[in-house]
Amino acid sequence: MTAAALSGYRALLSARYRMVLQYRAAAAAGIATQFFWGVIMIMVMEAFFAVGVAPPMSFAATVSYIWLGQALLALQPWNHDRELEAMVQKGHVAYELLRPLDLYTLWFVRAVAWRTAGASLRAIPIVLVAGLLLPVMGGERWALGPPAGAEAALGFAVALLGTIALGGAITTLVHVSLLWTISGEGLARVMPSLVIFFSGMVVPIPFFPDWIQPLFAWLPFRGLADVPFRLYTGHIPPSEALPTLALVAAWALALVALGRWLMARGARRLVVHGG
Amino acid sequence: MAQIQVEGLTKTFQIAKRRAGMLGALAGVVRREHRELVALDAITFEIGQGELIGYVGPNGAGKSTTIKILSGILVPDAGHCEVLGFVPWRERRRYVAAIGVVFGQRTQLWWDLPVVESFDLLRSIYHVDDASYRRTLDEMVSLLDLEPLLDTPVRQLSLGQRMRCDLAASLLHEPSLLFLDEPTIGLDAPSKLAVRDFVKRLNRDRGVTVILTTHDMDDIETLCERVMVIGDGRILQDGSLADLRERVSPERRLIVDLEDPEVTLDAPGARVISREGPRWELAFDPRVVSPAQLITQVASRHAVRDLFVENPPIEEVITEIYDHGGLAS
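Respectively, the protein sequence lines represent chains R and E.
Counting in the working numbering, the first sequence runs from 9 upward without gaps.
Counting in the working numbering, the second sequence runs from 5 upward without gaps.
Quick caveat, the hints were computed from the structure, so don't treat them as lab data.
Accuracy of the hints is not assured; some may be wrong.
What the hints assert, rightly or not - With beta-carbon atoms standing in for the labels, derived distance ranges: (1) R:E193 with E:E178: 40 to 46 angstroms; (2) E:Q160 with R:F215: 47 to 53 angstroms; (3) R:H100 with E:T14: 23 to 29 angstroms; (4) E:E178 with R:V198: 20 to 26 angstroms; (5) E:G89 with R:V135: 51 to 57 angstroms; (6) E:V120 with R:E193: 35 to 41 angstroms; (7) E:D209 with R:H100: 51 to 57 angstroms; (8) R:A158 with E:Q160: 45 to 51 angstroms.
Ideal placement from N, C-alpha and C gives every residue a C-beta, glycine not left out.
Let the sequences and hints guide you as you build the complete structure.
Below is the structure:
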């Protein structure tokens, strides 16, 4: 794709970003919920660590893992865009084909913009409070720590790009499925448990028993949370980052390819049946 | 060469039949029965560069299906179609970059963004260079009086304001062909006039080909030199408005206001359609009796306060075509 062709998608991305940023009340409510959840999860972990079983991660790393999860919840592809669903239901989706754009890329950009805009709005206050305010107020033990080092920070940044790509690909896949199901209610019930559980957002993945670890390792979902968070805390050492990141990238590419294939079939239905 | 060539275009939709009652619903789960709905039945026409065409027909006649196929978002079952040298659905992305489309029922602007940001976005999507964007935008702003609207979010615009913005949006990439699907639907009178005036100038001054679907016969009367009437998926009539009138009925109307409301009008060669006090409405065939003759006769027999000759309202002409198909073709 040429740079000129990309400028259209880039403009859409930034416009979408500005639109999402208008919904500040929703973000404020989200932030409050995420603080609440963060605190509860940390208290549960505090109880677990008090039992004295050899923990798979240090308490500080676990706390950082939890806070990062709460800060970046909006990046998780656990819900779908209601606006797009309405468009499919009203049959307006065919009009998307009036733009000289590739429909998959258009929807992928839309999904990425929606996720990242929501996430950045929520992440900044959560990181400020959990990372800066808590230690000042004497709550170091429950605070989000800094990255384990410069290399860990770099690994985290790269992994976060993987999270965004993966989250965008899964979200778009859900959106494409609307072309068949029309209503997103079914997936709206399945996706949260699937995504939130297997990404490590409920219980950090290292705390699960050994026998189930291979499943977590090969599923795409850990690239959404576990991989970037453990790179951040140094639980996955920077030297081992490459193979993990490669797997995330492979999953993202595979899911984009699957989404493209489904989109081509969905678009054929659309142009045959007329939206 | 014609800008739009359509030959034998056919489109059939499969509609799932729902059977009545609980048993019927259960049977429907196992085996769906389908009904075929022929939306377009081998339609053929040509449209040349710079024409302004009215495309009319009752609801469900196939207007929207035609527009959707011509604009590349629906694939026909059979037939051939070439627009601006493209087969619309085959080279969709390159093709849609060369046309403009406005659907009166639906905005193409971004609901939450100020109008001007939607325009900027379209500029990027269509890769319009800065100089021509500036020029086109300035022109649109002055022609459609958009200056006060540019910074308003689209959701706060009235329907008429929104339509003016939508028209501008569809033309920023300077297409040579514009599809307008019911652009005046729901608009108040001044907005309708503004839209019509703009479309007329666009066609006349810039040579943009316009295909307009509408239910508003005033749109047709003031704008279109050529009218295509579609019904049940077939083109019933295709010609100038005068032609259509001629074919349906050559009759004209003479409206006479007499001085004396009590007198009974005597007008040989004309038929009385209605009478309201001193006002008489007559129908006559200009091939039998010329308007001049008729007027002379009426004026010589009665004291006339006022009189004028009219065409039958276009609604009547079109309804006649809907009801009796392409009767004289």
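To see whether the hints hold, each was checked on the structure:
1. R:E193 with E:E178: 40 to 46 angstroms: About 44 angstroms separates the Cβ atoms of E193 (chain R) and E178 (chain E), which means 40 to 46 angstroms holds.
2. E:Q160 with R:F215: 47 to 53 angstroms: With Cβ atoms ~51 angstroms apart, the hint holds.
3. R:H100 with E:T14: 23 to 29 angstroms: holds, 25 angstroms
4. E:E178 with R:V198: 20 to 26 angstroms: Given about 47 angstroms between the Cβ atoms, the range is violated.
5. E:G89 with R:V135: 51 to 57 angstroms: holds, 55 angstroms
6. E:V120 with R:E193: 35 to 41 angstroms: At roughly 38 angstroms between Cβ atoms, E193 (chain R) and V120 (chain E) fall inside 35 to 41 angstroms, so the hint holds.
7. E:D209 with R:H100: 51 to 57 angstroms: violated, 32 angstroms
8. R:A158 with E:Q160: 45 to 51 angstroms: holds, 49 angstroms
Checked against the numbered hints given earlier, this structure breaks hints 4 and 7; the rest are met.
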